[in-house]
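> The lines below spell out each chain.
2 protein chains.
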Amino acid sequence: MIEDSHNSRTNLSELGEFGLIDLLTKNLAVKLPSTIKGIGDDAAVMDFKDQKTIISTDLLVEGVHFDLAYMPLKHLGYKAVMVNLSDIYAMNATATQVTVSLAVSNRFPVEALEELYSGIELASKIYNVDVVGGDTTSSTKGLLISVTAIGKASLEEIVYRNGAKPNDLLVVTGDLGAAYMGLQILEREKEVFKVNPNSQPDLDAYTYLIERQLKPEARKDVPPMLKELGVLPTSMIDISDGLSSEIIHLCKNSKTGVNLFEEKIPLDPAVISACEEFEIDSTTIALSGGEDYELLFTVSQTDFDKIKGNPHFSIIGHMTEEREGMHLVTRANAKIPLIAKGWNAMEREED
Amino acid sequence: MIEDSHNSRTNLSELGEFGLIDLLTKNLAVKLPSTIKGIGDDAAVMDFKDQKTIISTDLLVEGVHFDLAYMPLKHLGYKAVMVNLSDIYAMNATATQVTVSLAVSNRFPVEALEELYSGIELASKIYNVDVVGGDTTSSTKGLLISVTAIGKASLEEIVYRNGAKPNDLLVVTGDLGAAYMGLQILEREKEVFKVNPNSQPDLDAYTYLIERQLKPEARKDVPPMLKELGVLPTSMIDISDGLSSEIIHLCKNSKTGVNLFEEKIPLDPAVISACEEFEIDSTTIALSGGEDYELLFTVSQTDFDKIKGNPHFSIIGHMTEEREGMHLVTRANAKIPLIAKGWNAMEREED
Chain F
9 MIEDSHNSRT NLSELGEFGL IDLLTKNLAV KLPSTIKGIG DDAAVMDFKD
59 QKTIISTDLL VEGVHFDLAY MPLKHLGYKA VMVNLSDIYA MNATATQVTV
109 SLAVSNRFPV EALEELYSGI ELASKIYNVD VVGGDTTSST KGLLISVTAI
159 GKASLEEIVY RNGAKPNDLL VVTGDLGAAY MGLQILEREK EVFKVNPNSQ
209 PDLDAYTYLI ERQLKPEARK DVPPMLKELG VLPTSMIDIS DGLSSEIIHL
259 CKNSKTGVNL FEEKIPLDPA VISACEEFEI DSTTIALSGG EDYELLFTVS
309 QTDFDKIKGN PHFSIIGHMT EEREGMHLVT RANAKIPLIA KGWNAMEREE
359 D
Chain Z
9 MIEDSHNSRT NLSELGEFGL IDLLTKNLAV KLPSTIKGIG DDAAVMDFKD
59 QKTIISTDLL VEGVHFDLAY MPLKHLGYKA VMVNLSDIYA MNATATQVTV
109 SLAVSNRFPV EALEELYSGI ELASKIYNVD VVGGDTTSST KGLLISVTAI
159 GKASLEEIVY RNGAKPNDLL VVTGDLGAAY MGLQILEREK EVFKVNPNSQ
209 PDLDAYTYLI ERQLKPEARK DVPPMLKELG VLPTSMIDIS DGLSSEIIHL
259 CKNSKTGVNL FEEKIPLDPA VISACEEFEI DSTTIALSGG EDYELLFTVS
309 QTDFDKIKGN PHFSIIGHMT EEREGMHLVT RANAKIPLIA KGWNAMEREE
359 D
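Chains F and Z supply the protein sequences, listed in that same order. Using this note's numbering, the letters of the first sequence correspond one by one to residues 9 to 359. Using this note's numbering, the letters of the second sequence correspond one by one to residues 9 to 359.
The following block holds chain F by itself, in its conformation from the complex (with noise of 0.2 Å):
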C-alpha cells in the first residue's frame, strides 16, 4: 500500500503551539501582489482592487472525509486545498489565498504535519495561491482540516447557480466517476493488507482512478478558457457530491427542468472496465460518486459553437421548463427522474 515514511517522531508538545506554525509555516512565502499581509498578524489582509471578493469554506475529518490508512498525508494536505479551490472556479473566479487550520491530535508527531504541510505547499505553487492565515490547536481525537479559500472575480465575470434558462445546454469538464472507484479500490485493498500484510497489490491498472482519488485537481484552467472562448456560463457549480446532486442544484436555483442525457456522460475507460470488475452500473457511479471536482455549467445555446468538439468539455444535456421536471433520458430513451443521490439501484436520500 501507499506509505508515509517518518523516520523519526517528535511530540508535537516539544515545539510549543507558535513553534509549530513557525515550523509549518516557514516554506510559505507570500508571492502575490493581493497578498498585503500573510501569517503572522491577528489576520490576513487582501488588496483586490475593484474585483469582488469570494470566499469558500469546508472541513475535512478524519473518519468521515478520508482515511488515513490509504490516504498519505502530502496529498491529504493537497487534496483539502483543492476541494476549497474547485468552489472558487465554480464561481469563474481566480483563488489567489487559503487558509489552513488543523485539529490534530498528540498520535500525530510534528513530521506528519509536515508531510500534510507539503502537500498544502505544493498545492500553493502550482495553483498560484498564497497560503495566509490559520489556526493550529489540538484535538482530543484524530485530524480534521479546515481550508478556507479566497479569491477575486470581477462582478460581470461572476456565475452563480441561478442563472441557467430552459434551453440553456447543460456542459461537464473532464470526466466522472473515477474518484470514487479509485476509493473503491483503495478500499478493497486495505481489507486485502488486513488479512494479509504482506501482499504486494498491482495497481497499475488503476492508476487513474487512484489519482483522482487521492490527488485530485481542481479545474483552474477552466474560468480563463471560458474567457478565451468568449463564454460566459448562465450558471455554474462545482461537482463534489456526484452529478445528479449537483444539476439538481442548478435547477432548482435557476427554476428550470433538466434533460440530461446518459449517452453523453464522460466516462474515462478505467472508470467503465471497473465498474464491470465491480459489477456496478457505470451511470450510477456518474451521477453518485462524487469527489469528481469537474465543474457544471451552463451555456446559452448560442455559444454551442464555441464549446463544441472541446476536449475539455462535454455537452450532457439541456435545462428545460421547470414544469418539465428533472430527467435522466437513459440509452434506451426511457425518462428516469434524476434523484439527489444515483436512481435505480442507490436510490437514496441526500446525507
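Worth double-checking, as some hints may not be accurate.
Any copy will do: because identical chains look the same in the list, a pair fits if it lies in one copy or spans two.
[Stated by the list, open to error] Below 27 Å or equal to it, Euclidean Cα-Cα: the simulated DSS-like pairs (lysine-lysine) are: (1) Lys272 x Lys223; (2) Lys202 x Lys149; (3) Lys34 x Lys260; (4) Lys263 x Lys39; (5) Lys260 x Lys39; (6) Lys57 x Lys39; (7) Lys57 x Lys149; (8) Lys34 x Lys263; (9) Lys173 x Lys202; (10) Lys314 x Lys272; (11) Lys235 x Lys57; (12) Lys34 x Lys133; (13) Lys316 x Lys39; (14) Lys228 x Lys57; (15) Lys198 x Lys149; (16) Lys235 x Lys272; (17) Lys133 x Lys228; (18) Lys316 x Lys272; (19) Lys314 x Lys235.
Because the hints were derived from the structure by calculation, they are not lab data.
For chain F, the structure is supplied; the task is to place chain Z on it using the hints.
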C-alpha cells in the same frame, strides 16, 4: 448549574446535510451592502469597494477549548463568533461577515445545533455581521467549530503588530483576568456538582467573572472610538492568550523592548476577591489567564492627552529599545523579565 433544556430530540440523520443547513441558516438574513452573495452558492461574494479585505480564522474544539458541562450551546455559538471578530478589530478594521463550519457527532440532536446557531445569530445581529457561508459535517467525536471572520479597512487605518516604537505608550482596553477566574469558578462548581447533583450554588458574587468566560464581548467599539479620538495606534493585537504573551508578540514583531507596570494592570474588584479566595496572584492571572478578548495597542507619546482618563483605556507601560529587554516592573519596583506565559509561580512555555 447552567443548563440547556432540550425538550425534543431530532436525530441529525433525519434531516440530511442540506435539510440541516437550511434549518440552521433560515434566520440568517443578509443585511450588509458589502454582502453580494451569502449562503447558498459555491462561495460567498463580497464587495469592499476601495477598502482592503481582512480575514482571520480560528478553530474551537470540544474538550480543548470548551466544556459543554458548563458552556451552554447558545453561549458557545456567540463566543465562537466573538473570538474571531476580536481578531478583525485588532487590525483596527470593521468586521462584516463570518463563515461558520461545524463538525458534529451524532450524539447532538438537531435542537442542540439550533441552540448553537441561535448564539451565532445573536452575535451576528449585535455585531452587525452577515453569516455568509460554512460547512456542516459529521465528526467521529465531539463538536468542533471553525469560524472565519471577514472585515474591511482602508489601508491607512490598518494597524499591524509590528509598528511599535521605543517610548510609545502601551495601552490595554477594559480589564484583565476575569475570563480565567470565571473558568476557575465554573470548574469548581462542576466538581461540586459531580459530588452532589442537587447542590444549588449561589454564583451571584461571580456573575461578572462567569459572564466574561461564557459570554465574552469583542471590542467592536474600540476602532471607531480611536478614530473619533484621532488616535491611530502604532501597533495592536487582541488579548486571547494573556497579557504577557501578547506584549511579547508586539515587542518581537516591532523589535522593541517594554516596561510593563504591575500597578497599572486593570483588574476588576471581582477578579481581586476571587484571586484571594483561590489564593492565586492576581497579576499572574492578568498576565497569563487569557480569553479576555480585550485589545492591546501602542500609541505615540504625543497621543497621551487623547488617551489619558478615558475609562476604556489603561496605560500600562511603555515600549523601550529592543536591547533593554521586556520587563515587568513590580509594585515593589523590582524589574522581572517578562516571559511568554506568566512569571513567578506560573513560569511555563507557550503552548
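> So, for every hint listed, does it hold in this structure?
Okay, the hints, checked on the actual structure:
1. Lys272 x Lys223: within (26 Å within a copy, 56 Å between copies)
2. Lys202 x Lys149: both (23 Å within a copy, 25 Å between copies)
3. Lys34 x Lys260: This pair counts as between: shortest inter-copy Cα distance 17 Å, intra-copy 45 Å.
4. Lys263 x Lys39: Between. Shortest inter-copy distance 24 Å satisfies the 27 Å Cα cut-off; intra-copy 42 Å does not.
5. Lys260 x Lys39: Only across copies: Lys260 and Lys39 sit 24 Å apart there, 40 Å inside one copy, limit 27 Å.
6. Lys57 x Lys39: both (17 Å within a copy, 23 Å between copies)
7. Lys57 x Lys149: neither (42 Å within a copy, 43 Å between copies)
8. Lys34 x Lys263: For Lys34 and Lys263, the Cα distance is within 27 Å only across copies (20 Å; inside one copy 48 Å).
9. Lys173 x Lys202: For Lys173 and Lys202, the Cα distance exceeds 27 Å both inside one copy (51 Å) and across copies (62 Å).
10. Lys314 x Lys272: within (18 Å within a copy, 71 Å between copies)
11. Lys235 x Lys57: Both. Shortest intra-copy (20 Å) and inter-copy (24 Å) distances satisfy the 27 Å Cα cut-off.
12. Lys34 x Lys133: Cα proximity of Lys34 and Lys133: one copy only (14 Å, versus 38 Å across).
13. Lys316 x Lys39: neither (37 Å within a copy, 42 Å between copies)
14. Lys228 x Lys57: For Lys228 and Lys57, the Cα distance is within 27 Å both inside one copy (21 Å) and across copies (25 Å).
15. Lys198 x Lys149: both (22 Å within a copy, 23 Å between copies)
16. Lys235 x Lys272: Only inside one copy: Lys235 and Lys272 sit 24 Å apart there, 61 Å across copies, limit 27 Å.
17. Lys133 x Lys228: Classified as within; 13 Å inside a copy, 36 Å across copies.
18. Lys316 x Lys272: within (13 Å within a copy, 73 Å between copies)
19. Lys314 x Lys235: within (11 Å within a copy, 53 Å between copies)
In terms of the numbered hints stated before, the structure departs from hints 7, 9, 13, listed from lowest to highest.
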